Amino acid sequence: MSSSHIISVLVENKSGVLAKISGLFSRRGFNIESLAVGTTDDEKISRITLVVKAENHSIEQIVKQLHKLINVLKIQELDPSNIVERELVLIKVNSDNNTRAEILEIASIFRASVVDVAKKSLVIEITGNSKKVEGIEDLLKPYGIIELVRTGKIAISRGSKK
Amino acid sequence: MGKITGAQMLIKCLKESGVEVIFGFPGGVVIPIYDALYDSDIRHILVRHEQGAAHAADGYARSTGKTGVCLATSGPGATNLITGIANAYMDSIPVVAITGQVATHVIGTDAFQEADITGITAPITKHNYLIKDIKELPAVIKEAFYIASTGRPGPVLIDIPVDISKGYIDENLKADIDVEGYKPTYKGNPRQIIQAVKKIQESKKPVIFAGGGVTSSEAAEVLTEFAEIAHIPVITSLTGKGVFPDTSDLSLGMAGMHGTKYANLAFTQTDLIIAVGVRFDDRVTGKLSEFAKNAVVIHIDIDPAEIGKNVRVDVPIVGDAKNVLSDLKTKYLEIVKGKISPEQAAWLENIASLKSKCALRYDRDSDALKPAYIIEKIYELTKGEAIICTEVGQHQMWTAQYYKFTRPRTLISSGGLGTMGFGFPAAIGAKVGNPDKTVIDIAGDGSIQMNVQEFATAVSNKIPVKIMVINNGYLGMVRQWQEFFWNKRYSHTNIADSVDFVKLVEAYGGTGFRVKEKDEVESTIKKALEIDNLVLVDFWVEREENVYPMVPSGSAIDQMIECD
Ligand SMILES: Cc1ncc(C[n+]2csc(CCOP(=O)(O)OP(=O)(O)O)c2C)c(N)n1
Ligand SMILES: [Mg+2]
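For the record, the sequence lines run as chains A and B.
Under numbering that gives the first Met the number 0, the residue at position 8 of the first sequence is numbered 7, and the numbers go up by one with no gaps.
Under numbering that gives the first Met the number 0, the residue at position 5 of the second sequence is numbered 4, and the numbers go up by one with no gaps.
A portion of the hints provided could be inaccurate.
If you want the ones that stay clear, here's a sample from chain B, every Cβ over 10 Å from chain A, calculated [claimed, not checked]:
(1) Asp34
(2) Leu129
(3) Ala174
(4) Ala367
(5) Pro463
(6) Asn493
The calculated EDC-like cross-link candidates involving lysine to aspartate or glutamate, where the alpha carbons are at most 20 Å apart (straight line), are [said to hold, decoys possible]:
(7) A:Lys13 / B:Glu348
(8) B:Lys308 / A:Glu59
(9) A:Lys63 / B:Asp280
(10) A:Lys13 / B:Asp115
(11) B:Lys134 / A:Glu101
(12) B:Lys526 / B:Glu379
(13) A:Lys63 / B:Asp175
(14) A:Lys67 / B:Asp177
(15) B:Lys487 / B:Glu516
(16) B:Lys308 / B:Glu348
(17) A:Lys140 / A:Glu84
(18) B:Lys308 / A:Glu11
(19) A:Lys13 / B:Asp281
(20) A:Lys73 / B:Asp177
(21) B:Lys338 / B:Glu348
(22) B:Lys182 / A:Glu11
(23) B:Lys141 / B:Asp175
(24) A:Lys161 / B:Glu179
In short, the hints are calculated from the structure, not lab data.
Keep in mind it's a predicted model, so treat the numbers as computed, not measured.
Glycine residues also receive a C-beta, built at the ideal position from the N, C-alpha and C atoms.
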């Protein structure tokens, strides 16, 4: 059965490494649903967080193949029930004098913040897990979403273990 | 402190890594490297096409166990290496490919002869480097050789921009290598090994399945000892040929699409496969769901990604084949002590009778010139002691079937990629690495034309390789498929009007013979072996001879088409 997997990969922060990793996925016919990259507390090491939809057997194979890349230092498949996951989304939505108040109301219910106000639009910033993001997106759709930008998911395991 | 150029540093580091020979071809951005080579005692073999350099480095590596090195210029030089690199990658061969690159400040501008070779080769190298700072040079060279030759070996490419090979560097700069993300497992888990011994003890019909990994880890000797102590028959893959003597009673030869019938039947009947350094390629397993249905599988491999990739595994053992097999042998002697059960004795009898009933056969009494006859004669006349290279096609399968390999590194053949044009340049590499051995390329008339320009390399560098062309005037293996599965519609496989091979080799300064009759085979091979030059023998064989047995693609391996 095919399901979403969150894979967190520690890599050497060198050029070309991201291409090697994403290439490995595409070559084996996987579509990356989301991808986020940034340095860790050690600037020589980056963390790549990938969300991939795949069968368990194929994910096992691709994780093994990832391990073979020389620049890959560590791989964790995160257990969705034991992590904190976040994604930041910016939504530009149509708004005018008639709808602005309603939209602000929705934003405040979701604890989203308004980061840009113009005559005919608003930009809303929201952080959260996928559910929350999808929730606000649904409610804003009727007003007309002009543009939506997501960072891709990042995640960290709960508790003190690394 | 003295300064030297990046190119001089490269040569210095290559020497420190033990490099004795480089196969290469020059061009604009590698002139600095060639200039440094001019003063070096590293031998350079000038090929006539970069593909030849990559295959020669591969053949050198396969035949010696050392890492092969090839060198090419940027752009087209580098892209010409691709097939050779992919070939080495598929068969896990240690090769270091060095390419020149345009200067660092013009990378990314589509400069003259710029190609993103690290991008292009990412999927076909074990690792690759684009050197951006001259100070990285010593460490990268050292790392490249370390990575190429350890763990599961494979090709590593180093791309060196011209300003770096021309730049200056402190002569004594030490290589500070950092491969934190690379830690192959060499020792097998002791509990898994005991588990494996228990499975062997319980088994009534065990087989060993050995592949190229046994050669890489120099484990042929311990494999043979173990098989003999435990009385377990051995099947090999194509790249595993030679790790166990074909002449042994316990040898079942190669399994798979053109494997022996008895190997394929043994796979179907066995209750335990001890797989070592193999990857269960589809050419071996046939239809996976039907493959070895009754067998427990022990899989020993240094690459954890191979375990469970194609075939479900009961006892996985990640480790170096030689280490694991020695531990397995020790534990086996402790626990089982080489005693065999009556059931296993019956299995051995069954194997012996399969071997005699289903022996490979061709029409020996025919007056026609049969390819299998030629291969048998080459075997006899070289006493099985030559290094045999092959191209790809029917002649390759006949070689695997009819030449008896008794030692590792004596069959040099493109397994995973199936590259026509590999055998001859590989033979050049093998001869350079083994000047005292007879090196023969058993070729097809199609394949030999794919790197025919290397005749010049062999002659001008005095590399006396022998080529035996099994000339059927066809792209024979494809023709065979067309005969069996496409209604004999021989679309674009007839190449009978190609060239006069004898004149061709003579034009390059080699010696040529043509053989059309059976009774000329022996004397001509003898002559060819005695001449200290490039020799080509053009055997005009029966044109539509087929390779038997044959498992049709996608069928279970006990479903074989056999000769009448
Ligand atoms: C580079 C390359 N192109 C195409 C093929 C497909 N192919 C496999 S065997 C074969 C025929 C080879 O003909 P020849 O060298 O004459 O050998 P024969 O089968 O006749 O012994 C072909 C075209 C290949 N393996 N490699
Ligand atoms: Mg042919």
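Hints, one by one, checked against the model:
With a closest Cβ-Cβ approach of about 29 Å to chain A, aspartate 34 of chain B is found to remain outside the 10 Å limit, as its non-interface label requires. Residue placement check: leucine 129 of chain B does not keep its beta carbon more than 10 Å from all beta carbons of chain A (closest about 7 Å). Interface exclusion of alanine 174 of chain B from chain A stands, the closest Cβ pair being 16 Å apart, more than 10 Å. With 10 Å as the threshold on Cβ separation, the claim that alanine 367 of chain B sits away from chain A holds: the shortest Cβ distance comes to roughly 47 Å.
A cut-off of 10 Å between C-beta atoms confirms that proline 463 of chain B is not in contact with chain A; the least separation is 40 Å. Here asparagine 493 of chain B stays apart from chain A, with its beta-carbon at least about 36 Å from theirs, past the 10 Å limit. Pair hint lysine 13 of chain A plus glutamate 348 of chain B does not hold up; C-alpha atoms about 59 Å apart against a cutoff of 20 Å. For the proposed pair lysine 308 of chain B and glutamate 59 of chain A, the alpha carbon gap of about 9 Å is at most 20 Å, so the pair holds.
With a C-alpha separation of about 18 Å, the suggested pair lysine 63 of chain A and aspartate 280 of chain B falls inside the 20 Å cut-off, and the hint holds. The straight-line distance between the Cα atoms of lysine 13 of chain A and aspartate 115 of chain B is roughly 16 Å, inside the 20 Å bound, and the hint therefore holds. Distance hint between lysine 134 of chain B and glutamate 101 of chain A is unfulfilled; the C-alpha atoms sit about 61 Å from each other, more than 20 Å. About 14 Å separates the Cα atoms of lysine 526 of chain B and glutamate 379 of chain B, which keeps this hinted pair within 20 Å; it holds.
The hinted pair formed by lysine 63 of chain A and aspartate 175 of chain B fails the criterion: a straight-line CA distance of about 28 Å is larger than 20 Å. The hinted pair formed by lysine 67 of chain A and aspartate 177 of chain B meets the criterion: a straight-line CA distance of about 16 Å does not exceed 20 Å. Of the supplied pair hints, the one linking lysine 487 of chain B and glutamate 516 of chain B is violated, its CA atoms being roughly 27 Å apart against a limit of 20 Å. Proximity of lysine 308 of chain B to glutamate 348 of chain B is assessed by CA-CA distance (about 33 Å); at most 20 Å being required, the pair is judged violated.
Distance hint between lysine 140 of chain A and glutamate 84 of chain A is unfulfilled; the C-alpha atoms sit about 24 Å from each other, more than 20 Å. This hinted pair does not check out: lysine 308 of chain B and glutamate 11 of chain A have alpha carbons roughly 27 Å apart, beyond 20 Å. Note on lysine 13 of chain A and aspartate 281 of chain B: the hinted pairing is violated, with a Cα-Cα distance of about 36 Å set against a maximum of 20 Å. Distance restraint check for lysine 73 of chain A and aspartate 177 of chain B: the Cα-Cα separation of roughly 15 Å lies within the 20 Å cut-off, and the hinted pair is therefore satisfied.
The straight-line distance between the Cα atoms of lysine 338 of chain B and glutamate 348 of chain B is roughly 16 Å, inside the 20 Å bound, and the hint therefore holds. Proposed proximity of lysine 182 of chain B and glutamate 11 of chain A is supported: the alpha carbons are some 15 Å apart, at most 20 Å. For the proposed pair lysine 141 of chain B and aspartate 175 of chain B, the alpha carbon gap of about 9 Å is at most 20 Å, so the pair holds. Distance hint between lysine 161 of chain A and glutamate 179 of chain B is fulfilled; the C-alpha atoms sit about 18 Å from each other, no more than 20 Å.
Hint compliance for this structure: hints 2, 7, 11, 13, 15, 16, 17, 18 and 19 are broken, all remaining hints hold.
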